[in-house]
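Enquirer: With the hints as extra help, turn the sequences into a complete structure.
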Amino acid sequence: MSTLSLRQAWQQRWRRWLDKRIPARTEQVLNHRNIFIFPTGFGAFYLLVTVLLFTIGLNYQNNSVYAFCFFLVAVFVAAIMPTYQNLQGFRCRVSSSSTTIAGGPCDVKLYVSAAGVDRFQLIFRHESEVALTLYSGESKPVHLGMLYAQPGVFPLPLVKLASVYPLGFFRAWTWLSLEHLIYVAPKPKQYSEIEQLISARGDRSSAFRQDDDELELREYRHGDSARDIYWRKAAAGGQLLSKARVLQHSSEAPQGLLDYRLSQAPSHALKLADLCYWVLRCEHLGQPYGLMLPDTVIAMDCGDVQKNRCLQALAEAL
Amino acid sequence: MRALDARQARMTLGLISLSVAVQLLGLPVSFMVVSGMLLLAGWLHWLWYWPVPKGLRFLGLMAFGVMIFAQFGNFFGLEPMVALFVGSLLLKLLEVRTQRDVYLLVALSLFGLATPLLFNPELWWFLAILALAVLHVSLLAILHGQRSSRRALRGAAAILWRALPLAALLFFIVPRLPPMWAVPMASHQSLTGLSDSLRLGAMDSLSRDASLAFSARFDDPDNVPSPGQRYWRSLMLVDYDGDHWMAADVSHLRGKKPSASQTSDWDFSLLMSPSGQRWVPVLGSAMEWPNAMEYLADGTVRARHPIHARQLIPLSADQSIVNVPLSTPWWNRLTALPPGLHPQTRAYARSLGNQYPGDEVLTEILKQFNEENFSYTLQPSPLVGDKVDSFMFDTKQGYCEHYAVAFAVMARELGYPTRIATGYLGGEESRVDPSTLMVYQYDAHAWVEVWLSDQGWVRFDPTAWINPSRIESPPELRPEWQGANLPVLEELAWLLRGQLWLSQLRHATEWMNLNWMQFMAGFDGSGQAAFLKRWLGKVDVSTMLMLLGVFIAPGWLWYSRGWWWPKKTDVAKKYRQLLAQFRLPVHLTPQQLAQQLSVRFPQQSELIEHECSVLQSYWYTQVAVEMKHVESALRKLKDLKQ
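Same order as they appear, the protein sequences are chains A and B.
In this text, residue positions in the first sequence follow numbering that gives the first Met the number 0: the first is 0, and each later residue adds one.
In this text, residue positions in the second sequence follow numbering that gives the first Met the number 0: the first is 0, and each later residue adds one.
One or more hints might be untrue.
[Stated by the list, open to error] Some chain A residues judged to face chain B by a derived CB distance under 10 Å, without partners named:
#1 F44
#2 N61
#3 L71
#4 V76
#5 A130
#6 V152
#7 L166
[Claimed, not checked] Derived list of chain B stretches under chain A, where covered just means 3 residues or more per stretch with a C-beta under 8 Å from a C-beta of chain A:
#8 106 to 117
#9 132 to 146
#10 153 to 162
Everything labelled a hint here was simulated from the structure, so no lab data went into it.
Remember, predicted model here, so these are calculated numbers, not experimental data.
Note that beta-carbon positions come from the ideal geometry of N, C-alpha and C, so glycine has one too.
Expert: Below you can see the structure in the form of structure tokens.
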């Protein structure tokens with residue numbers, strides 16, 4: 000058995016143990032089950048100093064030095080509790096997913112809060128480090144920057160949350176095992192023209208384009224820009240309506256689902272890159288778009304929600 | 000590695016400076032000067048961004064090396080090590096950049112703070128060092144992000160509070176082992192108190208040094224010597240060369256303790272301040288002494304090694320001066336006077352000897368001192384020419400040494416074997432604990448012991464004839480201490496000493512300090528065994544294990560809470576089990592359950608109705624239902640049978 004496989008076996012075993020001990024959830028609350036504590040290098044050095052003091056007390060037969068030495072040892076032991084308390088009761092919540100594009104920045108936002116005492120120098124470590132101080136009762140977002148070069152769907156890796164406050168003798172840490180998927184869409188690259196991509200039998204009858212007179216306004220959907228809301232109606236106490244997207248349509252622009260099969264790109268991955276390019280392009284132009292993938296169809300729409308839905312579908316299709 | 004912000008750097012600098020200052024107190028002034036300069040460089044560097052010149056660190060290191068060599072001659076004493084340590088701490092201070100550097104500084108500084116404890120066993124020192132350690136702990140909290148200094152201190156105090164019980168436990172139970180290797184001792188202890196020779200006029204004035212020479216705690220509080228009995232004999236000066244009175248070499252005095260038939264008058268334990276010398280003050284003659292001491296034929300004891308650390312010395316002593324028959328050589332030695340010196344004094348002694356036959360001549364000499372216009376002063380006029388004659392016939396003023404020397408010369412001239420005893424006269428009763436006498440350096444005294452053929456050694460204290468208040472009054476009330484020309488600060492200190500409430504405070508604090516030092520000095524291997532025996536009874540491994548078990552077992556039982564632990568009834572679970580037993584859906588309320596069961600067990604419907612109503616009110620009403628009723632209801636419903 001090679002050392003590599005031995006290491007992998009060990010890692011798997013470790014991961015299984017950790018999964019059992021800290022099951023993945025969208026919200027983690029830190030308690031004695033998932034907080035680990037161990038002395039730091041400084042803690043070890045400090046203990047060494049107390050050992051030296053002990054030998055001095057011994058060789059000089061000096062009780063004052065003994066007493067001082069034991070006091071320092073007791074301080075070391077007493078530091079365990081506040082180190083633990085700095086993490087205990089700490090809450091960390093995350094949304095169920097986030098979307099990004101391969102090679103682009105991925106920002107996973109954790110919402111952290113803590114009751115009781117102030118928390119100092121909490122360090123979130125994954126690829127990069129984020130330090131945070133959280134006062135009692137406060138709630139804050141933490142941005143974890145990550146970088147994915149390859150498209151696909153990835154679970155959020157374990158994020159190590161550590162703190163050595165107050166004395167630095169001990170490090171208390173936990174692995175935040177959060178249920179969160181990161182959809183990484185392929186890097187956009189144009190291969191086809193829009194006219195080529197839209198299928199001949201393109202479904203032009205999306206729900207909100209049936210009646211020409213009411214084209215200008217449609218029901219507000221989550222993700223529409225606040226700019227586009229028809230505020231006059233809203234102020235009058237009516238329902239929220241969005242206007243701009245529909246108004247901006249150029250009647251000449253082709254409308255319809257972007258069809259995977261019609262892409263001119265040479266391979267599966269590049270076809271997805273092609274579609275990704277047009278999804279972003281349409282979104283940029285404010286033009287409704289939909290997707291037709293081998294096993295998914297996404298109806299025509301526009302806005303951030305639609306964009307995320309499409310990018311996630313592209314990431315999943317890979 | 001994390002860099003420091005300005006506030007953290009400032010606090011680090013301040014605290015380490017404080018710690019260095021405390022450690023420097025035991026070192027010579029030259030080190031303080033160089034350290035002060037290095038500290039200044041550190042402050043300039045940190046607060047005003049002064050770039051530290053490249054050579055400064057090297058220069059500092061060299062300066063410390065040179066000073067250590069010049070001052071101590073080697074690098075292996077205790078002080079050279081402390082000096083080296085302080086030097087390295089200071090040089091490190093000049094290059095603090097990151098958190099890691101502060102870690103190193105804090106750990107080293109805490110280590111260095113222990114060194115003053117080697118020199119200073121007083122309670123105040125220990126408390127001060129402890130306070131400094133707590134400041135170090137709060138510095139660490141500030142270093143790790145705590146913004147508020149007040150909260151950092153409070154956090155440190157909380158840690159201290161949690162740490163104290165464990166520290167105390169460790170202190171009492173960690174076994175006291177013998178030293179592993181020989182260590183260099185402190186060398187610079189200022190030699191206070193008595194020296195082993197006496198020379199008239201060597202000092203212009205007697206010290207009013209109010210530092211503690213030793214304290215003595217008497218085992219029997221009802222048997223404490225009266226003020227007139229408090230003659231603490233330390234050294235016997237037997238050889239006189241016309242200028243110096245010198246103690247005999249220890250080898251000449253080795254002797255056996257006379258028969259131990261008589262019981263001792265006083266049992267007490269001495270807590271000696273470090274003197275750097277080997278004498279030990281004894282009331283009268285020593286009867287019992289520790290192994291680290293040796294007995295001398297004149298009734299005193301001598302430590303086998305100079306006393307450099309505070310020691311607790313248990314002693315028994317007898318009021319009378321021990322009498323060993325004098326051999327001829329000793330007789331000659333004790334009556335010898337250098338020929339031709341002090342002609343006037345000796346002629347005067349002879350004339351008195353002719354006038355008063357027998358031993359009463361000695362008393363007569365003392366009376367002459369009293370009648371002939373002699374005066375007691377701490378600052379006598381300087382003596383010129385033949386010192387003894389000059390004192391006897393010109394100045395006629397002096398303190399204990401003058402009178403003792405003059406008396407001894409006259410006694411020897413008359414043929415009496417005579418020796419000068421030095422030691423302490425006095426002892427202030429602690430107001431908190433009257434069985435403790437505190438003896439200060441200003442209590443140092445000299446008197447004379449004369450061999451009378453029919454009585455043996457007899458104590459003659461000429462000073463007591465001149466100045467009886469020397470024995471009876473507290474120092475601040477003695478006339479000779481008034482009006483003496485003293486530095487303002489010292490005068491003020493003595494003035495304050497006379498204030499009643501201040502003196503009570505002094506007694507209380509000194510009593511605490513004494514207790515602390517006595518406890519710390521006495522808590523060695525045997526002290527620990529005695530202590531543990533007192534508190535734990537018969538100490539052996541099985542007792543310790545049993546005690547441990549008594550403390551740990553309940554905690555462990557509670558923590559593991561196995562099947563034997565009485566559980567709080569999970570009513571909801573039991574209820575679900577009940578429903579399952581009767582194959583009923585889980586959502587039934589107790590009322591609905593009662594209906595269902597009444598159908599199945601019509602003859603017991605009354606009981607069912609009642610028990611279900613208990614459950615109903617347990618869950619759905621504000622009325623408090625006792626747990627035992629709920630449990631019995633569940634049990635009865637479970638046991639329902641056709």
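Enquirer: Hints first: check each against the structure and report whether it holds.
Expert: Cross-check of the supplied hints:
1. F44: Check passed: Cβ of F44/A comes within 6 Å of chain B, closer than 10 Å.
2. N61: holds, 6 Å
3. L71: For L71/A, the interface hint holds, since the closest Cβ of chain B sits about 6 Å away, which is under 10 Å.
4. V76: Hint holds; V76/A Cβ to chain B Cβ min 6 Å, cut 10 Å.
5. A130: holds, 8 Å
6. V152: violated, 36 Å
7. L166: holds, 4 Å
8. 106 to 117: holds (count 8)
9. 132 to 146: Since 8 is at least three, the answer is holds.
10. 153 to 162: Our answer is that it holds, as 6 residues pass the Cβ test (under 8 Å) against chain A, meeting three.
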